[in-house]
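Let the hints inform the model, and build the full structure from the sequences given.
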Amino acid sequence: MRNLGIFFIRYYSFFLFLFLEVIAFSMLFNSNNYQSASFFNSSNKISGKIFSISSNVESFINLSIVNDSLSIENARLKNQVLSERYSNKINTGVYTDTSMSFQQYTYIQAKVINNTILKRNNYLTLNRGRIHGIRKNMGVICGDGIVGIVKDVSDHYCSVISFLHKDARISAQLNSSKDFGSLVWDGLNPKIASLRDIPTHVKVKIGDSITTTGFSSIFPENVMVGKVNSVSQKNGDNFFEVSINLSTNFSTLRYVYVVSDILADEKVKIEGGRIND
Amino acid sequence: MINPIISNTFRFLFLALLQVVVLNNVGLFNLFNPYLYILFILLLPFETAPFFVLLFSFLLGLSIDTFSSTDGMHTIACTFIAFIRPMIFLIITPRGGYEHQITPNLKSMGAPWFITYAIIMVFTHHLILFNIEVFRLSEFFITLARTALSSLFTLVLIILSQYLLSNSKKR
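Protein chains in written order, with numbering that gives the first Met the number 0: chain A, 0 to 276; chain B, 0 to 170.
Hints were generated in silico from the structure; no laboratory data involved. All figures in this text were calculated on a predicted structure; none of them were measured in a lab. Among these hints, one or two may not hold up.
Unchecked claim - The calculated label-pair distances, taken between Cβ atoms and stated as ranges, are:
no.: 1; chain 1: A; residue 1: 206; chain 2: B; residue 2: 164; range: 50 to 58 Å
no.: 2; chain 1: A; residue 1: 229; chain 2: B; residue 2: 13; range: 40 to 48 Å
no.: 3; chain 1: A; residue 1: 187; chain 2: B; residue 2: 12; range: 30 to 38 Å
no.: 4; chain 1: B; residue 1: 24; chain 2: A; residue 2: 72; range: 18 to 26 Å
no.: 5; chain 1: B; residue 1: 12; chain 2: A; residue 2: 29; range: 43 to 51 Å
no.: 6; chain 1: A; residue 1: 18; chain 2: B; residue 2: 114; range: 29 to 37 Å
no.: 7; chain 1: A; residue 1: 18; chain 2: B; residue 2: 87; range: 16 to 24 Å
no.: 8; chain 1: A; residue 1: 18; chain 2: B; residue 2: 2; range: 26 to 34 Å
no.: 9; chain 1: B; residue 1: 164; chain 2: A; residue 2: 28; range: 49 to 57 Å
no.: 10; chain 1: A; residue 1: 18; chain 2: B; residue 2: 164; range: 31 to 39 Å
no.: 11; chain 1: B; residue 1: 4; chain 2: A; residue 2: 220; range: 55 to 63 Å
no.: 12; chain 1: B; residue 1: 12; chain 2: A; residue 2: 105; range: 56 to 64 Å
All C-beta atoms in this analysis are idealised placements derived from N, C-alpha and C, irrespective of residue type, glycine included.
Listed below in structure tokens is the structure:
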């Protein structure tokens, strides 16, 4: 027994090392379902405060770029307002009952207070949290396109898995033919993604736009994703790999919208508890 | 002469904040990411007990993980280089031993020793960090390129910071 004690004391640094590594690895592998570990996340109060301060400084520098992007988005939305259009439609006397439809998606506006684009796995921190109605696994979009999926939520902040992440797979379709595949990021250029699993009989046009499919409960249908840049096929593969120019400019991201789907829980339940992306 | 406890605490806070606020957003082509914060582990005095080296490195990694939502990746890499630090000291012992020096910095140990030491520590840290981050073998060569290029970036920053600050009275 005494020898064992001496053994532990002599090699205590090795045992301490093992102990600390076990803690660290368990944080890594349990990150998705381990509730108490979520304090060590950029959505906690301290890091939220620090990122708020640093983003205030940065947003002052980027003010003109942000203003431009917001005014472009305003103009685009104004163009969609029905009263701006001349309509050829004549009222034929069929009445639509408004109680037959309701708004499925609502949008919560949020400000990006921390964002990285240069790593293999990127994350954002937003200044909205549980008290604003944000829940885990909600989608995040911006005026130009998709941004990511909410990962952790605290009272006032949330951290978001950016689309620029090794595990991000988003179901997206070609706008002209409605053929869909999964969109992934290969880790080298934050402006380019690739759309996989498009069968080779499909005619892919360069410049065709790519939008979300709405198959998941995360993003609504027809959110802009990007435009086709080039098409390639690996030897012996039955699928095209389509290279996409992303429409979201992740490097200047400042204001985003968190998508809240009121039917999300119902859809996840009927699909057997899986959350598709 | 400033108390080493105060100067090391200050260095811990300064490097962690610099990393999460500034350096996480510095890089080139998604291949060069500097991780200057491990300079804290490099510059802990020789006499620091292994218990404290491991504990401080663990805490440093944990704070970087907290701010960058990386779930323990930095903690794993930092604890590992803290553990192999004494072995590196044994392997690259200078001719006179370690009798006169207090801190393993560039000024007291000389450039060749310090740069060898920094290369081993930085490369090991980056290799572990990037492989855990990617966690798939299909991207092995890109990860290796990312490790080598980012190590180069970190090393340049470490050596620059050593030359820039070596004249101050603190060291």
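For each hint, the structure was consulted:
1. Range check, residue 206 of chain A to residue 164 of chain B: about 53 Å between beta-carbon atoms, so the 50 to 58 Å window is met.
2. For the pair residue 229 of chain A and residue 13 of chain B, the supplied restraint of 40 to 48 Å holds, since their beta-carbon distance comes to about 46 Å.
3. For residue 187 of chain A paired with residue 12 of chain B, a C-beta distance near 34 Å keeps the hint of 30 to 38 Å intact.
4. Residue 24 of chain B and residue 72 of chain A have their C-beta atoms about 24 Å apart, which keeps the hinted 18 to 26 Å range intact.
5. At about 28 Å, the CB distance of residue 12 of chain B to residue 29 of chain A disagrees with the hint of 43 to 51 Å.
6. Taking 29 to 37 Å as the suggested C-beta distance range, the pair residue 18 of chain A and residue 114 of chain B conforms, at roughly 32 Å.
7. Between residue 18 of chain A and residue 87 of chain B the beta carbon distance is about 22 Å. The supplied range of 16 to 24 Å therefore holds.
8. Range check, residue 18 of chain A to residue 2 of chain B: Cβ separation about 30 Å, and the 26 to 34 Å hint holds.
9. About 39 Å separates the C-beta atoms of residue 164 of chain B and residue 28 of chain A, a value inconsistent with the hinted range of 49 to 57 Å.
10. Taking the beta carbon of each, residue 18 of chain A and residue 164 of chain B are about 34 Å apart, inside 31 to 39 Å as hinted.
11. One distance hint, 55 to 63 Å for the beta-carbon pair residue 4 of chain B and residue 220 of chain A, holds here, with the actual separation near 59 Å.
12. Hint check: residue 12 of chain B to residue 105 of chain A, Cβ distance near 41 Å, so the stated range 56 to 64 Å is violated.
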